[in-house]
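Protein chains in written order, with our numbering: chain A, 468 to 795; chain B, 468 to 795; chain C, 468 to 795; chain D, 468 to 795.
What the hints contain is simulated information worked out from the structure, not anything from laboratory work.
A few of these clues could be false.
[As the list claims (entries may be wrong)] Here are the computed distance ranges between Cβ atoms for each label pair: (1) V515/C - A485/A: 49 to 55 Å; (2) A632/B - A485/A: 34 to 40 Å; (3) H572/C - V515/B: 31 to 37 Å.
Cβ coordinates follow ideal geometry from the N, Cα and C atoms, glycine included.
4 protein chains.
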Amino acid sequence: MILKDEVSKENAERLANAISGFLVQDGRWVIATSAKNNSVPLQFEDLVDRCLIFESDFQLSSKIYNPQKRAIKIGSISLGDDRSTLLIAGPCAVENFSQLEETAHFVKSLGVKILRAGAYKPRTSPYTFQGLGLDGLKMLAKIKELLGLLIITEVRDATHLNEVAEISDIIQIGAKAMYDHAILRFCGKSKKPVLLKRHFGATLQEFLQAAEFILSLGNFNVILCERGIRTFETKTRFTLDLCGVMYLKEHCNLPIIVDPSHAMGHAYGVPDLAKACLALGVDGMMIEVHPNPKAAFSDAEQQLSFSQFSQLVNDLRELAKATGREII
Amino acid sequence: MILKDEVSKENAERLANAISGFLVQDGRWVIATSAKNNSVPLQFEDLVDRCLIFESDFQLSSKIYNPQKRAIKIGSISLGDDRSTLLIAGPCAVENFSQLEETAHFVKSLGVKILRAGAYKPRTSPYTFQGLGLDGLKMLAKIKELLGLLIITEVRDATHLNEVAEISDIIQIGAKAMYDHAILRFCGKSKKPVLLKRHFGATLQEFLQAAEFILSLGNFNVILCERGIRTFETKTRFTLDLCGVMYLKEHCNLPIIVDPSHAMGHAYGVPDLAKACLALGVDGMMIEVHPNPKAAFSDAEQQLSFSQFSQLVNDLRELAKATGREII
Amino acid sequence: MILKDEVSKENAERLANAISGFLVQDGRWVIATSAKNNSVPLQFEDLVDRCLIFESDFQLSSKIYNPQKRAIKIGSISLGDDRSTLLIAGPCAVENFSQLEETAHFVKSLGVKILRAGAYKPRTSPYTFQGLGLDGLKMLAKIKELLGLLIITEVRDATHLNEVAEISDIIQIGAKAMYDHAILRFCGKSKKPVLLKRHFGATLQEFLQAAEFILSLGNFNVILCERGIRTFETKTRFTLDLCGVMYLKEHCNLPIIVDPSHAMGHAYGVPDLAKACLALGVDGMMIEVHPNPKAAFSDAEQQLSFSQFSQLVNDLRELAKATGREII
Amino acid sequence: MILKDEVSKENAERLANAISGFLVQDGRWVIATSAKNNSVPLQFEDLVDRCLIFESDFQLSSKIYNPQKRAIKIGSISLGDDRSTLLIAGPCAVENFSQLEETAHFVKSLGVKILRAGAYKPRTSPYTFQGLGLDGLKMLAKIKELLGLLIITEVRDATHLNEVAEISDIIQIGAKAMYDHAILRFCGKSKKPVLLKRHFGATLQEFLQAAEFILSLGNFNVILCERGIRTFETKTRFTLDLCGVMYLKEHCNLPIIVDPSHAMGHAYGVPDLAKACLALGVDGMMIEVHPNPKAAFSDAEQQLSFSQFSQLVNDLRELAKATGREII
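Isolated chain A (complex conformation) (with noise of 0.2 Å):
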């Protein structure tokens, strides 16, 4: 239900209690409730200017609702503006500081502003490295001081939220933790940027209901993020779901970006497949670069060596020119 302009918050506050609604200002106040409460009571008709009414529970980040894509400010960076494509690269892992280094100011010397790395890792297995935890965020911190660059590192669980919400400038919430409420929440009570993953066994209802969480909190700067679906193959580590981009492009107003390192899971496939998403139209990308891929403590298959990805880098921004895009 869209307010009329000059609701007064006490007046908006009393209609979303009394319909168990979710009470959001975007321009307008505006409350999102279930599809099954789909009249105002009467005493409240006068406070509203449009009501849509949604079949599913996919609302806030609907075209139908709002049909103008949601620009995102991260620092300096505007993500989302159809103008620009945005490169977000670093390493699977936070392993040592010289290696975050190393990859960082690699990273930088190519024009790159925001550097992943993982600090604690959602680790399907006990037994292999789960990163580095806070001593990880406090080596990020460190980078983004020396450096200047902006930083994105993943929430695992909701055992350190503060922790990383303090250090991060995007806090990425993995797949592997799509569904967890504690995170979706706290994200929608921030006013931080949050990186939602699709779960690799999310239907895209899922993931934009996933995001309607943060959202009905009052938090829009939500960036969806693609990274490969489970399927049947298993040559490829997942299915890169291009058209459930396409999908989300035409029915979606969130900026969605691409991870297509995690759905191939190996170097060889990842540079074409980065120009195949820049050619789709996507408002970024994020891929992994590692100094010494074989080396690594975790997705040592799929990370980019420092020549692979300078010569991707060359690649992307030459085919941008095409698509009249620029690669920031």
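Following the hints, position chains B, C and D against chain A.
Positioned in the frame of chain A, the structure of chains B, C and D alone reads:
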């Protein structure tokens, strides 16, 4: 690594630290660690009885390590003894005290000893009923006191672990939380029985690795639950993976229960699927039943009515005789 | 469209032509046609008793059209009468006469009445055993004559339809041929019983539409066979879709048999899955058995040995008593 | 087994018979056979130059056997030369002569050299438009004569192989026919170019094995076509597997084209997906275009209108410059 009988805790700890392994007491001291740590440091060789190398990180739950199925005590019940099949029943969610009480009385009258009901519901949409939370837990505690039923309820995220652990006789890790490290680690340090549901997008390998997070911290009271995986078929909610259950029965030493209600998603299919599970030889089943399924706040399609459930329990008891098992 | 009792064949044909429909005699004259043809031309209105509109093109096989399950005669056997469960058994492929004869004698000694064995094998690789073809068919014909067993064998492609139809008592359309129009139409014009296997990538909707190809040409002797679908899980060969079987039991009027051997792909899981199918209430089962599974030319992993099969038949007969069905 | 240069046909045939192999002339005589036949019989050792052992039955199409991509001649066109990307376009089905003629003129005016259109449609339902069959083929033959376009049309089943082979410049094996031995073997004995579509339920392994059926009979003019696989996602018709295309580019020596129309199932997504495919470096694309998509007899949702297609061709030519390829 299985250590010799006479090894002291101190020595066991020293070895575990040296190889970054998890020390657990399972009859003898055992250290679980990455398959990469496949040789015993020379100075510790005297401590080690046998060293098993595992291809994948499926170790303590493997029949290669321990061919004997682990029987688990829940109150006076013994789960996994191959002579009985456990029936867990109750509504999807606690909706109010009278709904819970009515169902509890009813299932108790049919001989059911463990009541299920969700207080923290991991819904996919923020705009639907999210469960009663702590109030729901308190109602479960009261029912437990009044009727002497054992309780199983779900932990949705890491923010209410202590509350659930306090009142629930079995901590249920729902499918969407299967990958949650905070929950898995909490359960590993607990001694409570844990029911771990397979994520609908998780391979059997990942399912067992999630169990290993709990086992490697010393809690062996882990029950696996298959509840349907996501496939291309949409006429049913999920696809119950009984081939997967057969794989687990063959290779894994943990008890397995099956939840046909969530797999099917439609009440009409649940009774016959439950009979199939019994004939397959599962250790238990979890069935949703509600006083008035059509009016249920969640999962209305799949909950059995009292008369359907009553008929099912009779049929299961009859069928059980031919299988040499007893329904408990 | 169900025509009135007294309508003549000529008039029925005229109406069928007018609306491009399939005229079949099913007690009365019935015309199946696209859901788009949802009105009866004025001049034919007198001919029509009832006109059912179907959302999808699942019509003659639907319980909406005919709620009664179709019982199918195969020799002296009646399949689908809800009092018996049919057991079909035999090796994956005819390898030579003595292997076939030995298996045929053995299964007959256990009371099995229908022998399965492939002569034309739809292998995925050209470099493996492709079946004995016509020679294999001739061996099957000889066994039939010698032992009086009924035979089911597979048609691989449209080049040997007549040969298979001549000797086989049931024409088997394998999973990979489920979409083959030439085979489906040939079977529609035949009167022989047809066993239609679900393609491992086919939805239930597509499976039933394939059956409609046969039914709409007037052959109602169609048996559906679920044999596992392809999912992301690779520890088992396929995933047996018993939820799908429940959907078919609820909505479709054709008998359903299940093939646990192909679904599981490993002999260890087949017996318990077969028991589960019996308890679920299927109309029949198809099980692979071989005198020496390890030496089998195809599907060596999944065929039961004679002793395993013998044990299974005993167990099934025991269990059948508790289900009110008889194993035939 | 790659035989020595000087080996005579007679000797090559003798060896092929001895090891039940497929003898093909590929520059030199080569014998493809099961990986189990991994030793050369002593008396033939002199004939053999090199003997490659393949883990799976993916041999003649493998880059291990022949690292050079096979360029295929279709009329004056050379497919697979890495300097050009082939555009194939046309309606889903031949509906009538004027629809076909209009589309053919239009695509020709944009520089398209190969026209696609189905005469035998492999529909999933018997109650929908099944294609014009032989009449449709004749219309295609007439267009070919009138406009000088090359033609690709689909063989649905084995009953019309000769007819299709006679008029079509490329024999299209549709996804549902990918496993059809009769079609594969016919194509193997033909010299015509064959476009083999991946079944939506087929692994890459099976897809390549289907290609091996054709190659092993001596026809090397095989073009692979990825057209989307079936996954749990239903908002789009299929999921285009570009990770799979990267696997094929890395490991297989056959040219690859992509069909974004069938994968997406909705016209809105097709243009951007086509651009992505171009940037990915595919050898060709197949796009559906129709004079009046809404009125199309089949696949109405996914066919581009003339103006959409015209815009797309312009965009592709522009983008192609940045990729060093030319659209042909």
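Hint numbers the structure violates, sorted upward? 3
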